[in-house]
Amino acid sequence: MGFKEFCFKKSLWLFHFGGASCNNCDIEILDCLTPRYDVERFGMLLVGSIRHADVLLVNGSINQKDKKRLLEIYHQAPKPILVVAIGACGCTGGIFAEGNTFAGPVDKIIPVDAYIPGCPPKPEAILAGIVKLLNKKPEQHKSA
Amino acid sequence: MSKIIPIGPYHPLQEEPELFKLYCEGEIVKDVKWETGYNHRGIEKLSESKTFDQVFFLVERVCGICSTSHPFAFANCIEEIGEIEVPNRAKYIRTIIAELERIHSHLLWVGLAGHFLGYNTVFMWAWKYREPVLDLFEKISGNRNSYAMFKIGGVRRDIENDKIPEIKKILDLVKKKTDLLTGAVMDDPVIHARTKGVGILTKEDIIDFAAVGPTARASGIAIDVRKDDPYAAYPLINWKVITAEEGDVFAKAKVRLLEMYESVSIIEQCLDGLKKEPEGQTEIVVKNIPEGIGTGHAEAPRGEVFHFAKTNGSNYPVRHKIRAPSYVNIATFKKSCIGQTISDATISLAAVDPCYCCTERLASVYDFGSGHKILGGEELIRISQKQTDKLLKL
Amino acid sequence: MEKDFQIDELKKHFKDKVILIEKKNNRRIFVHISPDAVVKISDFLFSNLHYRFIIASALQSNLGFEIYYHFSNDKNGEIVNLHVILPAKKTAIESLTGLFEAANWIEREMHEILGIDFLNHPNLEKLISEGNWAEGVYPYRIEK
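Chains as they are written, first to last, in my numbering: chain A, 547 to 690; chain B, 246 to 639; chain C, 821 to 964.
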């Protein structure tokens, strides 16, 4: 077993970055933690600092001001890190892609490993997305 | 030497995601400053390039939790310009959706407030009992959030009469669970100790800041757009405005919890009203919107949502201005936080319900002189939670 | 009729400063006023008649810049819109922050998106544009 594979085997810790979003995705991510979905049973935990995280969840369209912050957070992250773009805005910019402050979808700013589309994606979809990411072969990780 | 504690910067409403800087001396907050722009998406500008039907999908995404209130206010605004009267069935359906949203939003707030107090049981409970409400939304509209129910002249989907008993059954369940939750929150001595007398806003403050919604109602000012300027089915049914006099965090919690019962009762009356209206009459056809200026408002879970639109007879609004309730409510932090301890500031900030869930992530404490990070958001919540622990031991 | 009495009072008090009172229906009233009287009339509405300040909307039209100040009477659901027109050459108006704190943010916002100056505003700093668009760029202005 290689080092990268070992890193992502168990107990992924998640850090949640919300860009200029409408809050729906944020709420659904938080919903994953609560009794009905309970993501913690997979060993996943939402942490308060990127320095402790294995996965960076990004949702919302990214505006000019957020872009700087997102890059900063990505550089602070301990590598290897997996990046997941959540929601239509995270994946493509969604309805805000034509806005005057839009700075590009997440994958134009940092490498993204998984996309979870939906407006907002259901908690089941978020869980399914993360599980798919876990089963992905480590050499396919873009940012690792 | 005063230290700056930044709270934020990410916050989900339209133009108001902000970075709060608490200037502290020791434990006491001396001043509050804010910085916004992290969430500016240019919705008002985008709106000018969308047709009236498309604007509904856009304003739904101003805020995910208030995703009925914004279309509601916009519909009121455009229907005022076009002098459109929607069918009764549509009025009832609109009201049902708006009130369901209020229940789920208030439950969400109670949960988060519990989390900030270090009372995670309340957090888990409230969010667990919120799920049946979201299931109802899924049944009615097909999505858990962003329901896309509104259009000019009516609603997009009907609630069929044979669905009504099922909806009522779920409502009964929600009501039972709300009882449980209300009991747990209102009678808990620790919650009393942490929230009574904390973050007080007086009547004068509310008038000065023009605060709205539960924030104002908890300070004894009974403003509620649903009562003052009745729209949709609100004038057709019986309900009352909940107020409290104290103006502290506990009063705000009380107002929100009791409002949930009113919402359940409103929905039940609307469902009864729905039975009397013929099925399928959910919209009238609107050909064009004349030139004009319109203002529309609606009561969101957090307060009054205000929309202003100018039209020129074409398919697009010329100017569209949106005012979300947190825009005025958040400014009251200046009053409610100053003089509080840092641990109380967390819950004072949460008390106006500024979709606080997102602001905790990047909170960290900086030393004013050196700029080095001392405390993170986690620690900030931990401080707050520690104070609850201390009280528990007494 | 209390309602009519109040609005007539406005005409009586401010005479030629009130250009036109337009009633769209019982609850929506547009009052066109001269820009130099905006503080006095707002003060009258706020302090004497106890109206609540909702928000102000600014827009650009052929006449120059227009601002609508929205006030609400919460006793009968009436909305009074004070309408001022600023000629394109002289885009400055007295600030309302001296009367109520609620005008603070919206005036800063209007300053940023349209470049309207508010005289005597305590702190006309950037509210939303910092990092999002450059200074001197007014995205909501109509290009001619």
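Any given hint could be a false lead.
In silico DSS-like links for lysine-lysine, alpha-carbon gap of 30 Å or less [as the list claims (entries may be wrong)]:
(1) B:Lys295 to C:Lys844
(2) A:Lys614 to B:Lys266
(3) B:Lys421 to C:Lys832
(4) C:Lys844 to B:Lys248
(5) C:Lys843 to B:Lys396
(6) B:Lys278 to B:Lys485
(7) B:Lys278 to B:Lys396
(8) B:Lys413 to B:Lys521
(9) C:Lys832 to C:Lys843
(10) A:Lys682 to A:Lys625
(11) C:Lys860 to B:Lys555
(12) B:Lys521 to A:Lys614
(13) A:Lys668 to A:Lys682
Cβ pair distances, simulated, as ranges [as the list claims (entries may be wrong)]:
(14) B:Glu536 to A:Lys682: 49 to 59 Å
(15) C:Leu939 to B:Glu328: 35 to 45 Å
(16) A:Lys614 to B:Tyr268: 42 to 52 Å
(17) B:Ser559 to A:Lys555: 51 to 61 Å
(18) C:Thr911 to A:Arg587: 55 to 65 Å
Just so you know, the hints here were simulated from the structure itself, not pulled from any lab data.
All figures in this text were calculated on a predicted structure; none of them were measured in a lab.
Don't be surprised by glycine CBs; every beta carbon is placed ideally from N, CA and C.
Evaluated hints:
1. B:Lys295 to C:Lys844: holds, 26 Å
2. A:Lys614 to B:Lys266: Distance ~20 Å between Lys614 of chain A and Lys266 of chain B Cα, so the pair holds.
3. B:Lys421 to C:Lys832: Violated, at about 57 Å.
4. C:Lys844 to B:Lys248: violated, 53 Å
5. C:Lys843 to B:Lys396: holds, 27 Å
6. B:Lys278 to B:Lys485: violated, 37 Å
7. B:Lys278 to B:Lys396: violated, 39 Å
8. B:Lys413 to B:Lys521: This hinted pair holds, its Cα atoms lying about 16 Å apart.
9. C:Lys832 to C:Lys843: Since the Cα atoms of Lys832 of chain C and Lys843 of chain C sit roughly 17 Å apart, the hinted pair holds (cutoff 30 Å).
10. A:Lys682 to A:Lys625: holds, 17 Å
11. C:Lys860 to B:Lys555: holds, 26 Å
12. B:Lys521 to A:Lys614: This hinted pair is violated, its Cα atoms lying about 56 Å apart.
13. A:Lys668 to A:Lys682: Status holds; Cα separation ~21 Å.
14. B:Glu536 to A:Lys682: 49 to 59 Å: holds, 56 Å
15. C:Leu939 to B:Glu328: 35 to 45 Å: At roughly 39 Å between Cβ atoms, Glu328 of chain B and Leu939 of chain C fall inside 35 to 45 Å, so the hint holds.
16. A:Lys614 to B:Tyr268: 42 to 52 Å: Given about 24 Å between the Cβ atoms, the range is violated.
17. B:Ser559 to A:Lys555: 51 to 61 Å: Given range 51 to 61 Å: holds, Cβ gap about 59 Å.
18. C:Thr911 to A:Arg587: 55 to 65 Å: Distance hint for Thr911 of chain C, Arg587 of chain A holds at roughly 59 Å.
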